[in-house]
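Asks: Following my numbering from start to finish, the sequence shown increments by one per residue and tops out at 503.
Only true hints are included.
Listed below are the simulated BS3-like cross-link pairs for lysine-lysine, each with C-alpha atoms no more than 27 Å apart in a straight line:
1) Lys96 x Lys130
2) Lys106 x Lys96
3) Lys191 x Lys211
4) Lys106 x Lys130
5) Lys62 x Lys130
6) Lys205 x Lys240
7) Lys42 x Lys62
8) Lys106 x Lys62
9) Lys211 x Lys485
10) Lys371 x Lys406
11) Lys485 x Lys191
12) Lys211 x Lys232
13) Lys232 x Lys485
14) Lys106 x Lys77
15) Lys130 x Lys77
16) Lys77 x Lys96
17) Lys96 x Lys42
18) Lys62 x Lys77
19) Lys62 x Lys96
20) Lys130 x Lys42
21) Lys191 x Lys240
22) Lys77 x Lys42
23) Lys106 x Lys42
24) Lys240 x Lys485
25) Lys232 x Lys205
26) Lys191 x Lys205
27) Lys211 x Lys240
28) Lys191 x Lys232
It should be emphasised that the hints constitute simulated quantities derived from the structure, not laboratory data.
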Amino acid sequence: MRSTLLVVVLIVLIFSMGSCRKDFDTIPNYGNLEFSKDTIFLDTIFSNIGSSTYNLKVYNRGNDAITIPTIKLQNGPTSNYRLNVDGIASKEFENIDILAKDSIFIFVETTIDFNSIPDPLYTDKILFDNGNNEQEVDLVTLVQDAHFIFPNRNGLEVETLTIDGEETNIQGRYLTDEELTFTADKPYVIYGYAAVPSGKTLTIQKGANIHFHNNSGLLIDTNATLKAIGTLEDKIIFQGDRLEHQFDRVPGQWGTIWIRNGSIGNELSNVIIKNAVVGTLVEGLSNSSSISLFNTEVYDCAAYGIFGRNTYIIGNNVVIGNAGQSSLACTHGGKYVFNHATIANYWNNSLRRLPSVIINNHFTFKNDSNEEVTEIRDLTQASFSNSIIEGNNNIELIVNKLGSSLFNYNFNNCLIKFNDINNTYSDVEELNLNNTAHYQNNIINGLPNFQNSFENMFSILTNSDAIGNGIPSAITEDIKGNSRALSVDIGAFQFTEE
Numbered sequence: 006m007r008s009t010l011l012v013v014v015l016i017v018l019i020f021s022m023g024s025c026r027k028d029f030d031t032i033p034n035y036g037n038l039e040f041s042k043d044t045i046f047l048d049t050i051f052s053n054i055g056s057s058t059y060n061l062k063v064y065n066r067g068n069d070a071i072t073i074p075t076i077k078l079q080n081g082p083t084s085n086y087r088l089n090v091d092g093i094a095s096k097e098f099e100n101i102d103i104l105a106k107d108s109i110f111i112f113v114e115t116t117i118d119f120n121s122i123p124d125p126l127y128t129d130k131i132l133f134d135n136g137n138n139e140q141e142v143d144l145v146t147l148v149q150d151a152h153f154i155f156p157n158r159n160g161l162e163v164e165t166l167t168i169d170g171e172e173t174n175i176q177g178r179y180l181t182d183e184e185l186t187f188t189a190d191k192p193y194v195i196y197g198y199a200a201v202p203s204g205k206t207l208t209i210q211k212g213a214n215i216h217f218h219n220n221s222g223l224l225i226d227t228n229a230t231l232k233a234i235g236t237l238e239d240k241i242i243f244q245g246d247r248l249e250h251q252f253d254r255v256p257g258q259w260g261t262i263w264i265r266n267g268s269i270g271n272e273l274s275n276v277i278i279k280n281a282v283v284g285t286l287v288e289g290l291s292n293s294s295s296i297s298l299f300n301t302e303v304y305d306c307a308a309y310g311i312f313g314r315n316t317y318i319i320g321n322n323v324v325i326g327n328a329g330q331s332s333l334a335c336t337h338g339g340k341y342v343f344n345h346a347t348i349a350n351y352w353n354n355s356l357r358r359l360p361s362v363i364i365n366n367h368f369t370f371k372n373d374s375n376e377e378v379t380e381i382r383d384l385t386q387a388s389f390s391n392s393i394i395e396g397n398n399n400i401e402l403i404v405n406k407l408g409s410s411l412f413n414y415n416f417n418n419c420l421i422k423f424n425d426i427n428n429t430y431s432d433v434e435e436l437n438l439n440n441t442a443h444y445q446n447n448i449i450n451g452l453p454n455f456q457n458s459f460e461n462m463f464s465i466l467t468n469s470d471a472i473g474n475g476i477p478s479a480i481t482e483d484i485k486g487n488s489r490a491l492s493v494d495i496g497a498f499q500f501t502e503e
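Using the sequences and the accompanying hints, generate a full structural model.
Replies: Shown next as structure tokens:
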């Protein structure tokens, strides 16, 4: 029985091997290949960081199957590009067949050391065939040099970051004294968490670009300070380290800017934060603000734009856009003062259950005995003036109080999306938007008329209900530097006729 089975298996194997032969005839390539593109732009990459994978489709439009004698890189084995044809990685291929009226894919990647090339615009060609039949496709990549900050084994210990009940371990190191000033001479690329030690200040100069790898970010420790002061013309940008255009709006590419409990005097001015898990996580309450935000924009965060835990945040001319949970979470009590903020969440990557703005005085966690515990703290102040709270959900504001602790909140001259069509919150005292003790001169379910909400373009256009309905304050210019002297509009942007 076993002998018979063995013979059957051998016959199957012989036929299987025979079936792998090429069972069609080809003619030599005659120089009429067509390509999905004549130049592959691999976008901009950082030195020694691999690119995305790009594809090229090669067509045989003829009526005969053909064989391409060679496909190779012009720079040969020394090229910084890598090719993959029919699942095989190499820099040169021989006798590649394409059936009649068919095509093949070629995949291209690169990793380039900036210091090994004479020109940051690195080029090469894919050559198809040779002699009179040779055809080519150009390859182009711009390579940027950068300051790289890597973790090490002797620096910051592993920390645990908890967001929405999920724990994330992070690694990194403390910055040295020589690293505590980030300039605009070239970008910074950070792997892991770059931490500012106690008693030190990280100064980020105008025009600086800071890029973070996956699971990376900044950590401002107890008694440490972050000063990121840009200008209208030279903003400071925090974002992921993938520069290709397809990553422009991808959330969750890096971790967060973590302002830890006891950190002091932090300032973000003329700053853009995008594509993080949490744009900025702020913890801890003191007599002065834990962080002051001015002309600050936060976009496309996987969880929260700004996440406060029993802390003190001041925000003027702030824009917080799309986020997977809430754009702004003011939790576990604390103190929050926002004037001329545009908080607008039009997240469409998944179902979003939380509103654009959530305010509460409690925090629920599991203690060492694995018991669920809810801790309540005073909400000493939550003030919103001249601010837009909008989004693509019906309810974009939740004020949630537990217990009898101090709970002070106020909204005046705001444009608020609160369409309680099912009367779900009709019995919630904190969400009685007609109570003038907490809500004054607000426009409920008005028309913001943003330029393009799904593209994070929150300038207001003609007929917006935000126009002229603000109240004068010390913030006399909008986030673009436009004057509010003649009219005060609600939100971070003043309406202009541009």
